[in-house]
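Asker: Residue numbers (the working numbering), protein chains in the order written: chain A, 1 to 245; chain B, 1 to 469.
What the hints contain is simulated information worked out from the structure, not anything from laboratory work. Treat the hints with care, since some could be wrong.
[Stated by the list, open to error] Subject to a maximum C-alpha distance of 27 Å in a straight line, what follows is the list of computed BS3-like cross-link-like pairs (lysine-lysine):
1) A:Lys223 <-> A:Lys206
2) A:Lys81 <-> B:Lys137
3) A:Lys56 <-> B:Lys137
4) B:Lys105 <-> B:Lys57
5) A:Lys206 <-> A:Lys245
6) A:Lys223 <-> A:Lys4
7) B:Lys239 <-> B:Lys225
8) B:Lys118 <-> A:Lys125
9) A:Lys69 <-> A:Lys3
10) B:Lys31 <-> A:Lys78
11) B:Lys118 <-> B:Lys162
12) A:Lys3 <-> A:Lys245
13) B:Lys284 <-> A:Lys122
14) A:Lys4 <-> A:Lys122
15) B:Lys270 <-> B:Lys284
[What the hints assert, rightly or not] Stretch by stretch, here's where chain A covers chain B in the computed footprint (C-beta under 8 Å, at least three residues):
16) 40-48
17) 274-288
18) 337-343
[Stated by the list, open to error] If you want the ones that stay clear, here's a sample from chain A, every Cβ over 10 Å from chain B, calculated:
19) Asn29
20) Pro95
21) Leu232
From the three backbone atoms N, C-alpha and C, an ideal C-beta is built for every residue, glycine too.
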Amino acid sequence: MNKKILDIKNLRSKVDETEILKGLDLEMNKGEIHIMMGPNGAGKSTFANVLMGHPKHEIIDGEIIFNDKIINDLSVDKRAKEGMFLSFQYPEEIPGVTVENFLRNAKMTLTGENQGVFAFRKVLKEKMKLLEMDESYASRYLNQGFSGGEKKKNEILQMVVLEPKLAILDETDSGLDIDAIRIVSNGVKAFSNDDNAILVITHYNKILDYLEPDFVHILVDGKIVKTGGIKLAREIEEKGFEEFK
Amino acid sequence: MEKKKRTYIADIQRGIYDQKNEFKYKYKSEKGLTSKIVKEISREKNEPQWMLDFRLKSLEIYNSKPVPTWGPDLSDLDIDNIVHYIRPDADISTDWDEVPEDIKKTFDSLGIPEAEKKSLAGVGAQYDSEIVYHNIKQELVDQGVVYTDMETAMKDYEDIVKEHFMKLVPPNDHKFAALHGAVWSGGSFVYVPEGVKVDIPLQSYFRLNAPGAGQFEHTLIIVEKGAEVHFIEGCSAPKYSVNNLHAGCVELFVKEDARLRYSTIENWSKNMYNLNTKRAVVDKNGTIEWVSGSFGSKVAMLYPMSILRGERAKAEFTGITFAANGQYLDTGSKVVHAAPYTTSNINSKSISKDGGYALYRGLLRVAPNAHGSKSTVSCESLMLDNESNSDTIPIIDLKNDDIDIGHEAKIGRISDEAIFYLMSRGISEEEAKAMIVRGFVEPIAKELPLEYAVELNNLIKIELEGTIG
Chain A
1 MNKKILDIKN LRSKVDETEI LKGLDLEMNK GEIHIMMGPN GAGKSTFANV
51 LMGHPKHEII DGEIIFNDKI INDLSVDKRA KEGMFLSFQY PEEIPGVTVE
101 NFLRNAKMTL TGENQGVFAF RKVLKEKMKL LEMDESYASR YLNQGFSGGE
151 KKKNEILQMV VLEPKLAILD ETDSGLDIDA IRIVSNGVKA FSNDDNAILV
201 ITHYNKILDY LEPDFVHILV DGKIVKTGGI KLAREIEEKG FEEFK
Chain B
1 MEKKKRTYIA DIQRGIYDQK NEFKYKYKSE KGLTSKIVKE ISREKNEPQW
51 MLDFRLKSLE IYNSKPVPTW GPDLSDLDID NIVHYIRPDA DISTDWDEVP
101 EDIKKTFDSL GIPEAEKKSL AGVGAQYDSE IVYHNIKQEL VDQGVVYTDM
151 ETAMKDYEDI VKEHFMKLVP PNDHKFAALH GAVWSGGSFV YVPEGVKVDI
201 PLQSYFRLNA PGAGQFEHTL IIVEKGAEVH FIEGCSAPKY SVNNLHAGCV
251 ELFVKEDARL RYSTIENWSK NMYNLNTKRA VVDKNGTIEW VSGSFGSKVA
301 MLYPMSILRG ERAKAEFTGI TFAANGQYLD TGSKVVHAAP YTTSNINSKS
351 ISKDGGYALY RGLLRVAPNA HGSKSTVSCE SLMLDNESNS DTIPIIDLKN
401 DDIDIGHEAK IGRISDEAIF YLMSRGISEE EAKAMIVRGF VEPIAKELPL
451 EYAVELNNLI KIELEGTIG
């Protein structure tokens with residue numbers, strides 16, 4: 001059985017006329033947690049957006065192979081249906097759409113199966129408990145009036161409810177206090193299993209105290225310049241990214 | 001990326017709304033507007049002399065006033081090409097089985113008889129210029145509630161009609177009020193006696209089937225002291241290539257401690273000029289609540305007005321306007337605070353797409369004696385693409401500074417980032433847009449009667465189909 005879930009070869013992308021990803025290679029297998037670190041402006045968020053298919057970014061070279069399928073030309077919603085998920089750095093506020101209705105709707109779309117109101121509510125409540133979220137969030141409008149931390153928790157809630165095959169967490173830990181980082185990390189750990197993979201994009205080390213990554217990648221100027229284990233992250237913590245620039 | 005579809009069709013099928021019936025009538029006036037035509041309408045209706053005189057006076061005023069130029073362009077509206085009166089080939093009945101088959105089928109597909117059975121206390125149905133069906137539950141009749149067509153009211157309650165008819169909206173108010181005074185026909189009359197609370201709604205539905213025609217129904221509602229009622233008004237028409245005109249008039253009298261909710265879902269076809277005038281006067285401690293949905297029409301000018309003339313009178317306005325291709329919808333709300341401690345809350349939302357134009361025009365006037373009053377106005381606009389337009393013209397006229405006012409206006413576009421966000425959860429682009437639009441109107445939708453909230457969702461679906469791009 002092929003365990004490979006993501007295979008990126010020489011990925012180059014531009015936004016407007018500026019090239020940002022300049023030949024990025026990355027492989028991920030099921031059951032793995034990867035961390036991607038890099039200085040500001042290295043292209044971390046761009047990479048997350050290109051993976052998910054943001055229309056602003058254009059792929060100019062290379063391939064993204066997800067689940068043995070080249071997805072370069074697949075629309076955002078189809079990528080989600082293939083099992084990809086992005087936890088946004090700045091989640092959008094959607095007034096008038098409750099968290100519960102939205103998630104139930106998304107779950108039905110992704111699975112192609114009806115989700116009974118009560119059965120779904122039960123699952124949602126369990127997951128909210130795991131993330132120490134008050135039940136009242138379910139009936140609030142999606143991200144509207146949420147604090148930064150609440151928005152991030154809400155992203156993780158979506159991840160654990162929608163159960164993707166590959167979750168990309170774009171700076172989910174930034175702006176969170178220690179408690180929130182612990183809660184989010186617990187959510188990620190509970191979600192992680194042999195059948196899915198997680199890519200955590202961050203420029204802090206705090207989350208590494210809670211997660212046990214299989215690989216750490218250093219992204220500088222649109223390329224992965226070094227890959228290693230947790231030790232690599234510790235090195236960065238001490239010395240910064242200077243020596244990779 | 002997948003290639004994006006761009007499949008906009010200029011004349012979207014609006015399903016049941018566009019079902020046309022063969023144009024049949026018992027009597028119709030000639031095209032245009034002359035004193036001869038006005039006299040004929042009055043004769044057809046066997047009206048008393050005072051009403052004929054009123055009509056002719058209104059015609060004079062109409063002829064003396066220029067077409068207003070401060071709003072949408074009305075130059076394409078040619079009164080000489082409009083048929084002002086069409087008596088349908090049906091008599092008024094209290095039994096759907098007596099309504100001619102084709103007309104009954106129209107109202108059936110609009111769900112009116114069904115709604116009557118399930119959730120209404122009374123129903124009126126107008127087809128072209130006359131009411132073809134009117135009925136009210138017996139228990140309301142027993143409590144003294146009157147709900148009937150205006151023609152019957154003219155005969156049975158002539159004194160009340162004479163005392164109130166076009167007193168709130170006089171013919172010299174503006175050109176189309178004068179036109180209404182001259183050629184009005186049909187509409188509903190509601191009288192709720194002191195202390196009677198009608199807890200399920202009454203509904204009148206206005207359908208204009210004839211091409212190149214005008215509809216000028218008059219709605220007069222009097223809610224006596226401490227009484228309550230909810231009145232629902234629905235309007236629709238199939239689309240023709242010639243212009244149609246709607247210049248109705250609504251006059252609402254809300255007495256002391258009384259409460260009236262007036263809900264409208266207007267879904268005229270996109271060849272309609274909707275130049276409608278609605279006004280309410282509210283006495284001490286009384287409440288008027290307007291819920292207004294404007295979806296159809298080529299051009300609309302509609303600004304329901306609340307005159308708060310009794311202490312602590314209250315007005316609420318909740319409105320949604322949806323302007324698509326070829327539509328210029330100029331809507332809003334007017335409030336006059338004419339007594340102390342009066343309150344008004346205006347909440348308006350508009351959506352424009354495919355080159356549609358949605359404008360909020362509001363007036364807030366506070367009289368010198370209206371101290372201690374409060375008003376909040378909130379208008380929000382959402383533009384779905386770069387071709388569409390939206391604007392806000394709030395006019396505030398204060399003659400008193402002991403008043404608390406809040407005003408908020410927001411105009412925005414549907415954000416690409418929000419669409420991306422929703423799509424990243426597996427939702428298609430089309431559904432993502434619909435979700436954002438439905439969310440935007442949600443605070444309004446929940447004010448609507450259930451079947452209209454469903455209709456609102458369907459309309460959004462119809463309007464958004466094929467607008468990816």
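Asker: Evaluate each hint against the coordinates.
Answerer: Tested hints:
1. A:Lys223 <-> A:Lys206: Holds. Lys223 of chain A to Lys206 of chain A sits at ~24 Å (cutoff 27 Å).
2. A:Lys81 <-> B:Lys137: violated, 53 Å
3. A:Lys56 <-> B:Lys137: violated, 60 Å
4. B:Lys105 <-> B:Lys57: violated, 39 Å
5. A:Lys206 <-> A:Lys245: holds, 23 Å
6. A:Lys223 <-> A:Lys4: holds, 21 Å
7. B:Lys239 <-> B:Lys225: Distance ~42 Å between Lys239 of chain B and Lys225 of chain B Cα, so the pair is violated.
8. B:Lys118 <-> A:Lys125: Given that 27 Å is the threshold and the Cα spacing comes to 36 Å, the pair is violated.
9. A:Lys69 <-> A:Lys3: Answer holds: Lys69 of chain A to Lys3 of chain A is near 14 Å, not above 27 Å.
10. B:Lys31 <-> A:Lys78: Distance ~57 Å between Lys31 of chain B and Lys78 of chain A Cα, so the pair is violated.
11. B:Lys118 <-> B:Lys162: violated, 35 Å
12. A:Lys3 <-> A:Lys245: This hinted pair is violated, its Cα atoms lying about 33 Å apart.
13. B:Lys284 <-> A:Lys122: Judged against 27 Å, a Cα distance of about 49 Å means the pair is violated.
14. A:Lys4 <-> A:Lys122: The given pair, whose Cα atoms are some 33 Å apart, is violated under the 27 Å limit.
15. B:Lys270 <-> B:Lys284: With a Cα-Cα distance of about 40 Å, the restraint between Lys270 of chain B and Lys284 of chain B is violated, given a limit of 27 Å.
16. 40-48: violated (count 0)
17. 274-288: violated (count 0)
18. 337-343: violated (count 0)
19. Asn29: Asn29 of chain A is indeed farther than 10 Å from all Cβ atoms of chain B, at 23 Å.
20. Pro95: violated, 5 Å
21. Leu232: For Leu232 of chain A, whose nearest Cβ neighbour in chain B is about 29 Å away, the distance exceeds 10 Å, so it holds.
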